[in-house]
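Line by line, the protein sequences are chains A and B. FYI, in the working numbering the residues of the first sequence are 107 to 422. FYI, in the working numbering the residues of the second sequence are 668 to 1181.
These are computed hints drawn from the structure, not numbers from a lab. Don't take each hint at face value.
[As the list claims (entries may be wrong)] With beta-carbon atoms standing in for the labels, derived distance ranges: (1) His1106(B) with Gln159(A): 17 to 25 Å; (2) Val379(A) with Lys773(B): 38 to 46 Å; (3) Pro748(B) with Gln158(A): 37 to 45 Å; (4) Thr1027(B) with Gly361(A): 40 to 48 Å; (5) Leu121(A) with Pro1179(B): 47 to 55 Å; (6) Gln1050(B) with Val120(A): 36 to 44 Å; (7) Val925(B) with Ala136(A): 32 to 40 Å; (8) Pro1179(B) with Val120(A): 52 to 60 Å.
[To be verified] Calculated from the model, a selection of chain B residues having no Cβ within reach of chain A, i.e. all distances over 10 Å: (9) Asp806; (10) Leu846; (11) Asn901; (12) Ala978; (13) Gln1019; (14) Arg1051.
[Said to hold, decoys possible] Computed far set for chain A versus chain B, every beta-carbon distance over 12 Å: (15) Arg109; (16) Ala136; (17) Pro137; (18) Thr153; (19) Leu182; (20) Asp241; (21) Ala249; (22) Val250; (23) Phe253; (24) Phe320; (25) Met323; (26) Arg327; (27) Val371; (28) Ala404; (29) Val408; (30) Ser411.
Note that CB positions come from ideal geometry on N, CA and C, so glycine has one too.
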Amino acid sequence: MVRETVRWLVSSLVLLFVVTALTFVLVSLAPGDAARSVLSGQSTGYTNQQYQQMRHLLGIDQPLPVQYWHWLDGLLHGSLGTDLFNGQPVTDALAGRIGPSLSIVLGTVLVAGLVGVGLGIVSARRAGIAGRIVDVITLGGFAVPNFWLALVLVELLAVKVAAFPAGGYVPPAGDPAGWIRSIVLPVITLSAGAVALIAKQTRDCMADVLSREFVTMLRARGLGTASIVYRHALRNAAIPVVTVLGLLLINLLGGTVLIEAVFAVPGLGQEAVTASGTHNLPVIEGIAFYFTIAVVVANLLVDLSYRRLNPKARAS
Amino acid sequence: MTVRRPLAVSAALAGLLVITACSSGSATGRAAGTAGDTLTVVTVASPQSLDPGKAQQNDAWFDQLAYEPLIVRRSDGTLQPGLATSWSYQGADNKTFVLHLRPRVKFSDGSALTARTVVDDLDYVSKAHGQLAPFLVGDTFTATDPLTVTITATDPNPNFPVLLTQDYIIGGIISPKGLAAPGQLGTHTSGAGPYMLDAAQTVTGDHYTYVPNPNYFDPKGVHWHKVVLKVITNAQSVLNALRSGQAQVSVGDPSTLVAARQDGLTVASSPLLWNGVTLADRGGTVAKPLADVRVRQALNYATNRSVITGALFTGNGKPVSQVTVPGGYGYDPAMANLYPYDPNKARQLLAQAGYPNGFTMKLVTSEFQQMNLLAQALAQQWQRIGVHVQVTDDANPDQYVSDAFSGKFPAFSTAFGQLPVWMEGPSLFLPTAAYNPFHTDDATLKSLYAQSSRASGAAKTGLDRHIIDYLAQQAWFVPVVSTGLPYYATTTVTGVATSVNAPLLSLYEVRPAG
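Please build the complete structure, drawing on both the sequences and the hints.
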């Protein structure tokens, strides 16, 4: 166990190093830089001298390896650097954005897990009309573009009915109901496709497990259907579903940008787009750092779930 | 029976949503946006910095709420006292400008306004390398007495009054405490304006919350208990924020203009930009034909401005032939139709210049303000007179700026905000201007500019017109359409108005309706 933990820690650190170094390189390859971003906002244009002066002021005239070394050094001392434009510590700048992103992503994974597994079981168990209806619903989830769904939901539930806010985010502290209301529409929007994905995966796995010999034997022993489905079959079918849920979580971390824009949610995705557009390297690095941590944690949770669900994995 | 549990879970989730939706109606955006309580204003981009020395003009709202300017520009364009109660030029050459400050003014941090504060502030912003610092660089600032500041410029500056309004940010004065800790100015405010930033209720890049400044010298000017500037990048989401009552005022977008009007929102828009093409290579360095004024004029005659305006800028554009907007600085109504659409005349001019079969030239464009569409439309129209334009569409704005201002391309698409002619010169047409990458040096133009810089009143107005007319006759540019920056507002607020002399909405005048 200790050996595995050490191995996990080392691989996580390597991943962190690779991702942040690659981010540095990729940002430097993109056309333009932060100095041009500052100056190009001027309708009056700028001269080369002003440009060089601005590069020096922002500290981006140093060689890239030197900049990266400074960033790593800061990280070892607990600092993710400061925003190039307003001097705000990156940890402060991103602090208010982690909550909204996590709320939407975890909310979507929760809804996708519960509803998707539920629908998948129904579909696997009922070959008749109920199963067909569930199939159509899940296929619809795949087919509907989430951007369009977002606009429809806003029109119906925020503008016409005013049941939920059209956009924005309310932190849970002090107003839990407001928090839930603020994430309902983004979560529904993102869940449409995710529910379909999980339902499809669950259905296939459940159908496979329910057709196995041990299930027939359980039936022969006189076990009830509910017990067979929830205590035995679902446990076996859950491993691939958990894998997909883990992948879904990782995918959502970077895939909520459009929905954050539509619902004006101050998440990390939006900040990543803004920072990339202005070549704000410390902020981009900070976001890459947080995303990598999230990916590492998600993988860890998936591994722990395997152990919980599969005794063989536990034993090995 | 087998399906009950998963369905029950799903139903419970749905039930939770319904309950949540129904139980907390009082916390909806509608309630939060009650006039007089909270004013929520939506803008489409967040400021890179709140520091008045580094902020950009596009982000003026974020600073004007907290930093009272020396001079306030009202929505009709008239100037009124801010931190300065009066101001005037001394002498006849527009080099010495004197401001008399309002007595007994305190900043939000409690420190007092003095002439020394203003001098220190102007010194700071002129050296902060911000967007507007070049207009103050080289000037000296003197506290003539405790409440009088004298600005002495090395070159004439006829635009000090406008430059020191909220629209140009650098007129907003920073407190001594703020100047003592400039590292904090990017994310905190230290002004004497009607509001001050509440950092605890602010998420940088998403929303900025301002609360009343208890020390504001004119409490009647504080119309709201709270002002929230919310950043929403998606144009449709901006409109939805107003339609759902979450916000009361916003920056608009051409793509939602018609819908905003249909929804009964107040729409205010005044001409702000002229859009067209800069024919930069007037010396014929990389495109020899452009060295001939007849060729440049031919391109102007070959441009069907009304067709492009109708097709690309419906409801938000007016055809223009001058490098200003109708009614704007230097605009000459007599020259409004200097280049009527006349392809035959264009062909004639090309033939006279020695290009009867036309020529080929390169042009770079970006996608800002539909410049790429405008460039394609012009390329189509100019093809009719034999001029083939090879358009490079730089999706990356930084790349466009680099290409356009480096002299690599003989022509580039342009969307230029109307500025006083004195400010326009160093940017647009003087030899060192960024929009003059081939450094065309015209003695007549420089002479007119020098005279205008020293002039005032009607003489200055005449000289400004003369400059704009001269640029049009020399066809340094192909202006096509003037466009405005639209603003939307719900009926719960008033004061959302702009004019050609003040096309940027002033939040000072937005107040609860009724």
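Status of the hints after comparison with the structure:
1. For the hinted restraint 17 to 25 Å between His1106(B) and Gln159(A), the CB-CB distance of approximately 20 Å keeps it satisfied.
2. Restraint check, Val379(A) to Lys773(B): a C-beta distance of roughly 40 Å satisfies the suggested window 38 to 46 Å.
3. At roughly 40 Å, the beta-carbon separation of Pro748(B) and Gln158(A) lies within the given 37 to 45 Å, and the hint holds.
4. At about 44 Å, the CB distance of Thr1027(B) to Gly361(A) agrees with the hint of 40 to 48 Å.
5. The hint said 47 to 55 Å for the Cβ distance between Leu121(A) and Pro1179(B), and at roughly 54 Å that hint holds.
6. Our hint of 36 to 44 Å for Gln1050(B) and Val120(A) is violated, since their Cβ atoms are close to 57 Å apart.
7. Our hint of 32 to 40 Å for Val925(B) and Ala136(A) holds, since their Cβ atoms are close to 36 Å apart.
8. Separated by about 58 Å at the C-beta atoms, Pro1179(B) and Val120(A) satisfy the suggested range of 52 to 60 Å.
9. The Cβ of Asp806(B) sits about 18 Å from the closest Cβ of chain A, beyond the 10 Å cut-off, so the non-interface label holds.
10. With a least CB separation of 15 Å from chain A, Leu846(B) remains clear of the 10 Å interface cut-off, as annotated.
11. For Asn901(B), the condition that its CB be more than 10 Å from all CB atoms of chain A is violated, with the nearest at approximately 5 Å.
12. Every CB of chain A is more than 10 Å from the CB of Ala978(B) (nearest about 25 Å), matching its label as outside the interface.
13. Once the 10 Å rule is applied to beta carbons, Gln1019(B) is consistent with being away from chain A; the minimum gap is 33 Å.
14. For Arg1051(B), the shortest C-beta to C-beta distance to chain A comes to about 31 Å, beyond the 10 Å cut-off, and the non-interface label holds.
15. For Arg109(A), the non-interface assignment is confirmed: its Cβ lies about 39 Å from the closest Cβ of chain B, beyond the 12 Å cut-off.
16. Against chain B, the non-interface label of Ala136(A) is violated: not every CB pair exceeds 12 Å, the least being about 8 Å.
17. At roughly 5 Å from the closest C-beta of chain B, the C-beta of Pro137(A) falls inside 12 Å, breaking its exclusion from the interface.
18. Not every Cβ of chain B is farther than 12 Å from the Cβ of Thr153(A); the closest lies at roughly 7 Å, contradicting the non-interface assignment.
19. Under the 12 Å C-beta cut-off, the non-interface status given to Leu182(A) relative to chain B holds; the minimum distance is some 23 Å.
20. Consistency note on Asp241(A): stated as away from chain B, and its beta-carbon is indeed over 12 Å from all of that chain's, at 14 Å minimum.
21. At the 12 Å boundary, the C-beta of Ala249(A) stays outside the reach of chain B, the nearest C-beta of that chain being 20 Å off.
22. Look at Val250(A): its CB is around 17 Å from the nearest CB on chain B, clear of 12 Å, so calling it non-interface holds up.
23. For Phe253(A), the requirement that its beta carbon stay farther than 12 Å from each beta carbon of chain B is not met, with the minimum near 10 Å.
24. Non-interface call for Phe320(A) relative to chain B: holds, since the shortest CB-CB distance, roughly 18 Å, exceeds 12 Å.
25. Consistency note on Met323(A): stated as away from chain B, and its beta-carbon is indeed over 12 Å from all of that chain's, at 19 Å minimum.
26. Residue placement check: Arg327(A) keeps its beta carbon more than 12 Å from all beta carbons of chain B (closest about 17 Å).
27. Not every CB of chain B lies more than 12 Å from the CB of Val371(A), the least distance being 8 Å, so the non-interface label is violated.
28. With 12 Å as the threshold on Cβ separation, the claim that Ala404(A) sits away from chain B holds: the shortest Cβ distance comes to roughly 22 Å.
29. Distance check for Val408(A) against chain B: the nearest CB is about 22 Å away, which clears 12 Å, and the non-interface claim stands.
30. For Ser411(A), the non-interface assignment is confirmed: its Cβ lies about 19 Å from the closest Cβ of chain B, beyond the 12 Å cut-off.
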